[in-house]
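One letter stands for each residue in the lines below.
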Amino acid sequence: MSSQRRCAECDAVIPEGSAEGFCPHCLFGLAATMVASPALAESNPWPVTAADPPRMFGRYEILERIGQGGMGVVYKARQRELNRTVALKLMVSGPLASPAEVRRFRGEATAAGTLQHSNVVAIHEVGEHEGRQFFSMDYVDGKSLSDIVRRTPLPAARAARYVKIIAEAVHYAHERGILHRDLKPHNVLIDQNDQPRITDFGLAKQIQVDSDLTVSGAVLGTPSYMPPEQAAGRRREIGPASDVYSLGAILYDSITGRPPFRADTPIDTLRQVLDAEPAPPRLLNRKVPRDLETICLKCLAKEKQQRYATARELAEDLERFLQGEPIRARPAGRTERLWRWARRKPTVASLLSATAVLLLLMAFSAVLFRRDILDNNAHAARLAAQAIQVELEHLARAVEQVSARPELLPLLRAGQASGMVQFLAGAYAEYGTNAASWLQFESWLLLDSQGHKLARWPEESHLYDRSFRDYYLGPLRRWGTTATNGVHFSRVYRSYDDGLHKFGVSRLLRAPDGRVAGVIVASVGTRSTEGTLGLTTSQRKTVLVAACDTNLPPDASGTRPASPDFVIMLHPAFRANEPAVPIEHPNLRALREGTSAGLRTDRDSWFRDPVARSHPQFLGRWLAGFAQVAGTPFVVIYQTRDWVADAVFFAAVALALMVVGVVGWRFLSRHRAAAAV
Amino acid sequence: MAAPGSEHNPPSAEDRFASTHWSVVLAAARTDSPEAQLALEKLCAGYWYPLYAYLRRAGSSQEEAEDLTQEFFATRVINKRVLHGLDPGSGRFRSWLLTCLQNLVRNERDKQRTAKRGGAQPHVSLDLKDAEGRYLAEPAHDLTPERLYERSWALTLLDRALESLRQHYLDSGRQTLFEALKGFLPGERSAQPYAEIARQLDRSEDAVKMAVSRLRREYGERLVSEIQRTVDSPADVEAERRYLLAALARSVTAH
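In order, the protein sequence lines correspond to chains A and B. Sequential numbering of the first sequence, starting at 1, is according to our numbering. Sequential numbering of the second sequence, starting at 1001, is according to our numbering.
Quick caveat, the hints were computed from the structure, so don't treat them as lab data. Check the hints yourself; a few may be wrong.
[Said to hold, decoys possible] Once the Cα atoms are required to be at most 25 Å apart in a straight line, the calculated SDA-like pairs of lysine to any residue come out as:
| no. | chain 1 | residue 1 | chain 2 | residue 2 |
| --- | --- | --- | --- | --- |
| 1 | A | Lys143 | B | Glu1041 |
| 2 | A | Lys143 | B | Asp1236 |
| 3 | A | Lys76 | A | Cys10 |
| 4 | B | Lys1182 | A | Cys10 |
| 5 | A | Lys143 | B | Met1210 |
| 6 | B | Lys1182 | A | Cys7 |
| 7 | B | Lys1209 | A | Cys26 |
| 8 | A | Lys143 | B | Glu1218 |
| 9 | A | Lys76 | B | Met1210 |
| 10 | B | Lys1209 | A | Cys10 |
| 11 | B | Lys1209 | A | Glu61 |
| 12 | A | Lys143 | B | Ala1239 |
| 13 | A | Lys304 | A | Asp291 |
| 14 | B | Lys1209 | B | Asp1171 |
| 15 | A | Lys76 | B | Val1105 |
| 16 | B | Lys1042 | A | Arg382 |
| 17 | A | Lys76 | B | Asp1206 |
| 18 | B | Lys1182 | B | Glu1146 |
| 19 | B | Lys1209 | B | Glu1163 |
| 20 | A | Lys453 | A | Asp498 |
| 21 | B | Lys1209 | A | Glu64 |
| 22 | B | Lys1209 | A | Cys7 |
| 23 | A | Lys345 | A | Asp275 |
| 24 | A | Lys76 | B | Glu1163 |
| 25 | B | Lys1209 | A | Gly21 |
| 26 | A | Lys76 | B | Lys1209 |
| 27 | A | Lys76 | B | Glu1218 |
| 28 | A | Lys76 | B | Arg1217 |
| 29 | A | Lys302 | A | Asp291 |
[Stated by the list, open to error] To give a feel for the contact side, a few chain B residues facing chain A, derived at Cβ under 7 Å:
| no. | residue |
| --- | --- |
| 30 | Leu1162 |
| 31 | Leu1185 |
| 32 | Gly1187 |
| 33 | Arg1189 |
| 34 | Tyr1219 |
| 35 | Gly1220 |
| 36 | Leu1245 |
| 37 | Leu1248 |
Think of the CB as a built atom: it goes at the ideal place given N, C-alpha and C, for glycine as much as any other residue.
The following block holds chain A by itself, in its conformation from the complex:
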C-alpha cells in the first residue's frame, strides 16, 4: 500500500483514494485558472440558468462567453452585416424576466448608450430578441485592471495615469447626469494601446431619475470599492462624490495590490467601509509617493465634503502629481481625523469627551488639593522648627551660663589643666541630664585661642587639633554679634570617638582686655527618636536635617575625607546611636555655604525619602514642607503621604487596564466567532 504513485505532470505524490487515481494537485490547478477569471469570481451567488448560449442570436453570431455580471452574461459576438466584433450582454433570466427587471436593464443600457467617450466602452444597440433583452457594445481586446494588478502593485505613475484618464471619463459621464456607481478594477479594461476604458454601466443610474428599481433595500455593488454612503444604503447621498470615492479605491488597489477594505465576509467588509480608516498606502507599499497617498486618501474620505468635489478635480490633481507640481490635496491632520471620527461615532465621541472633561476636572481638583496639603505641610514644618528652636535655646542658655562663671577665666590664664577638667566635670554633672529629652550634652571641651584642646570631660588622652571645626571657627566669625548672646550652633560633624553625628554648642571666651582667651564647647548628640519631634505615623512624619561640617583636614595619606553636605539627624526610622543618612535636595542647596541664606523654597510635591533605601516602609511619593530652624544649620521636613497622586496614578492604571481589556475582549470575541464555525 505504501508504494507511492507520482503524477506524470507535476511529480507530486498521488494520495490513496483520489478519484480515478487522478492527481488532486493537477485537478485543483484546473480550478485555479477558473478562479483567476473575474467572470466567476464576480458571479452572482444565485444560479444562472442559461447553460450553453445559442450559436446565433438575431444579427449576432455568438463566438464565446467572456463574462458574467450582476444581471447578464456577456459574450464575444460578431455583428454580421457590419462584420465587427462586439460584446453582447444578454439578460440572464431570458423570457422569464419580470417587467421591473426589463425596465432596469433597458435603463442601464440607455443611460450608457448616451455616452460617447473614447475611454467609455460604447453601447451600440439595445434591443430584445426572442423575448431576451440584450445590448451590444465595443469589444475590448485586453485585460481588466484587476487582472493586471492581481496583488502586484503598479508603478505609481502608471496607476496615476490610468486613474486620471478614468476620472476624466467619469467626469464626462457626470456632466451628462450619469453616475457609474459600480466603479471597480473589474470594470476598467486596459486595451491594446494601454488605454483604460470603463465598462459595465450595470448599475449606472440617471442622476435625475430616482427609481427604486436599483436599490430596493438591497445594497448593490462590490463592498470593497463602495463608498460608505452607498454601503449604508443612504441613497439620497449618492452622487458624483461617490464615484470619486470608488476612483480612489481603484487607485488604492492599483498602488497597493489590495482594495482599501477587505474582510472575511461581505458584511465585515461593509462594516469596515463604514467605520474603519483605510491603512495608509505607504504602509503597504513604501514606494508609493506621499503626494499620491494624499490624493488617494482624500478620495477615500468617509465624508463626501472631504473628497474632491468632482472627478475632474481628482484628474487635475493627478495630472499635477504626474507633472511633478505641488498637489492641491492636503493630508488630513491628526485633529481632522479625530474630528471626522467623532462625526461618525457621535455617541462614543460624546461619552469619551464627557469622560475626558470629568478626568480633567478631577486632575484639576487633585492639583488644587495637593497644593493645599503642601501649604499645610510647610506650615507644620515651620511650627516644628520653632519648637526645636525653643529646645536649642535651653542648650544655648546652659553654655552661656557655664561660660560666664567667674572661675573659668582665671583657670585659663593659669593654664592649669586639672583645674579645667574639674570645671568641665562640674558642668557635665550639672547639665548632662538636664538637656532636652532627645538631645544631650555628651562632652565638654575647652580650646585655646588657636583651637587646640586644653581640657575635656569625659577625659580622653588624644591631643587633637580642633581648629578646623565649625564649633571653633563659628564663634570667631560671630565675634561681636549679639544673636543668642554669641552662642554658636555648629554644623554637624562625625565624631572620631563613636562615628556618630553630633553638633557643638560653643561660645567664645574673652579676656577682660577683649582678647580671645579660648572657646568653650558642649558637644550634643541625639539620643533616640522616640517621642521626639511629635506627630509621626505611617502617613506623616517630622524629620530633622542638618548641614555637615565638610571642612575636614587631610588624613595621614594626604586626602581629604569626603563628607555629605547634609545628613538626616532624626528620623522615625532611626534607633538610638544609628549613623545619620545623607540627604541631597535642591531646597537645601542654599544652606550649603552659610546658614544665613535660608531656604530657597520650602516645599516639594514629589519628595522621595532617602531613608527608604534602607527602610522600605518609607518608599513612595511624599508631599514635603521644609523649614529652617532660625540661626542654626538645621532644617525640619514635615512630610505626608501623597495619596492624591497615588489615587490618580491607580485610576490611570485602572483606566488603561479597562481600555486594554475592552479592546482585547472585542478582539477575542471576534476571533472566537471566526473560530467557532
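Starting from the known structure of chain A, arrange chain B on it as the hints suggest.
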C-alpha cells in the same frame, strides 16, 4: 437557434441551488423553503465520508462511526436540527459541518447513548457499507482526525466535481467521449497520445484537442462552483482551494 424544451424544464432543487453558497442555502432552509432544505440535505450528504473518516480516526469503532454518521444525518440534518443550531458565522461549510458533528458527539457522550436510537427515525441512504473499506485504505500514519477530515474533504470535492461532469456528459449522450478523454484531466502526459484517442473516436487530432480543452475547462468550472458552495463569498474560493491543496500536501508529506 436550437432551444430544446428539456433545457427549460423547471430546475430541480439541487440544480436551483447548484452554485449557491451554502450559507445562503442554510438561510433559505431556515425560512421553511422545502427545496432549500432538500438542497441542504443533499449538500450535507455529499460529504458524509469525511465525517466518517474523522470519527474513525478520532477513536470510534466501525459500528460506532457508522451509527454516529447515520444519526448525524438522521437527527441533525433531516430533522432540521442543524437548521436551528449553529450559525454559519464567517466560515466554511467544511468547518461548520464538522462542528455540527462534534456537537452531536459531545451530546451523545453526555447522554451515554441511552437505548433510544434507531426506531422511528428517518433513514438516509448513506452508502456506509464500503466506508470501512475506504477508511482502511487511508494512510496509517499519524494524521490527526481533523487533518484526515480535511484530506477526505478535498478528495470528496474533486470526486463530486468529476461525478457531476460525468453526469453532464451522460445526460447529453457523450459518455464514451467522457470516458475516453477523462484521462487528460490532470494533463496530457498522464493519458494516451492524442493520435491514439483520435483513432479510437474516429475524429481528427485537433478535434480531440479541442474537446480535451473544453473538458478541462468544464471540470475547472464545476470544481470552482463546488468549492463556491462551501464558502461564504466568491472571494474566498481561491483561499479555500489553496487551503485544501495544502491539506492534501500535508497529508502526503506526513509519512
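To see whether the hints hold, each was checked on the structure:
1. A:Lys143 to B:Glu1041: Since the Cα atoms of Lys143 (chain A) and Glu1041 (chain B) sit roughly 40 Å apart, the hinted pair is violated (cutoff 25 Å).
2. A:Lys143 to B:Asp1236: Roughly 22 Å between the alpha carbons, so the hint for Lys143 (chain A) and Asp1236 (chain B) holds.
3. A:Lys76 to A:Cys10: Status violated; Cα separation ~34 Å.
4. B:Lys1182 to A:Cys10: Judged against 25 Å, a Cα distance of about 17 Å means the pair holds.
5. A:Lys143 to B:Met1210: Holds, because 24 Å separates the two Cα atoms, which is no more than 25 Å.
6. B:Lys1182 to A:Cys7: Holds - the C-alpha atoms of Cys7 (chain A) and Lys1182 (chain B) are around 15 Å apart, at most 25 Å.
7. B:Lys1209 to A:Cys26: 18 Å, holds
8. A:Lys143 to B:Glu1218: 22 Å, holds
9. A:Lys76 to B:Met1210: 19 Å, holds
10. B:Lys1209 to A:Cys10: Between Lys1209 (chain B) and Cys10 (chain A) the Cα gap is close to 20 Å, so the pair holds against 25 Å.
11. B:Lys1209 to A:Glu61: 24 Å, holds
12. A:Lys143 to B:Ala1239: 23 Å, holds
13. A:Lys304 to A:Asp291: Distance ~20 Å between Lys304 (chain A) and Asp291 (chain A) Cα, so the pair holds.
14. B:Lys1209 to B:Asp1171: 22 Å, holds
15. A:Lys76 to B:Val1105: 53 Å, violated
16. B:Lys1042 to A:Arg382: 92 Å, violated
17. A:Lys76 to B:Asp1206: It holds: about 23 Å lies between the C-alpha atoms, which stays within 25 Å.
18. B:Lys1182 to B:Glu1146: 31 Å, violated
19. B:Lys1209 to B:Glu1163: 22 Å, holds
20. A:Lys453 to A:Asp498: 19 Å, holds
21. B:Lys1209 to A:Glu64: 17 Å, holds
22. B:Lys1209 to A:Cys7: The hint holds at about 21 Å.
23. A:Lys345 to A:Asp275: Judged against 25 Å, a Cα distance of about 9 Å means the pair holds.
24. A:Lys76 to B:Glu1163: Not satisfied, since the Cα-Cα distance of roughly 30 Å exceeds 25 Å.
25. B:Lys1209 to A:Gly21: 22 Å, holds
26. A:Lys76 to B:Lys1209: 22 Å, holds
27. A:Lys76 to B:Glu1218: At roughly 19 Å apart (the allowed maximum being 25 Å), Glu1218 (chain B) and Lys76 (chain A) satisfy the hint.
28. A:Lys76 to B:Arg1217: 18 Å, holds
29. A:Lys302 to A:Asp291: 19 Å, holds
30. Leu1162: 5 Å, holds
31. Leu1185: 6 Å, holds
32. Gly1187: Given a least distance of 4 Å, the restraint on Gly1187 (chain B) holds.
33. Arg1189: Interface hint status for Arg1189 (chain B): holds (4 Å vs cutoff 7 Å).
34. Tyr1219: Hint holds; Tyr1219 (chain B) Cβ to chain A Cβ min 5 Å, cut 7 Å.
35. Gly1220: 4 Å, holds
36. Leu1245: 5 Å, holds
37. Leu1248: This interface hint holds because 5 Å falls under the 7 Å limit.
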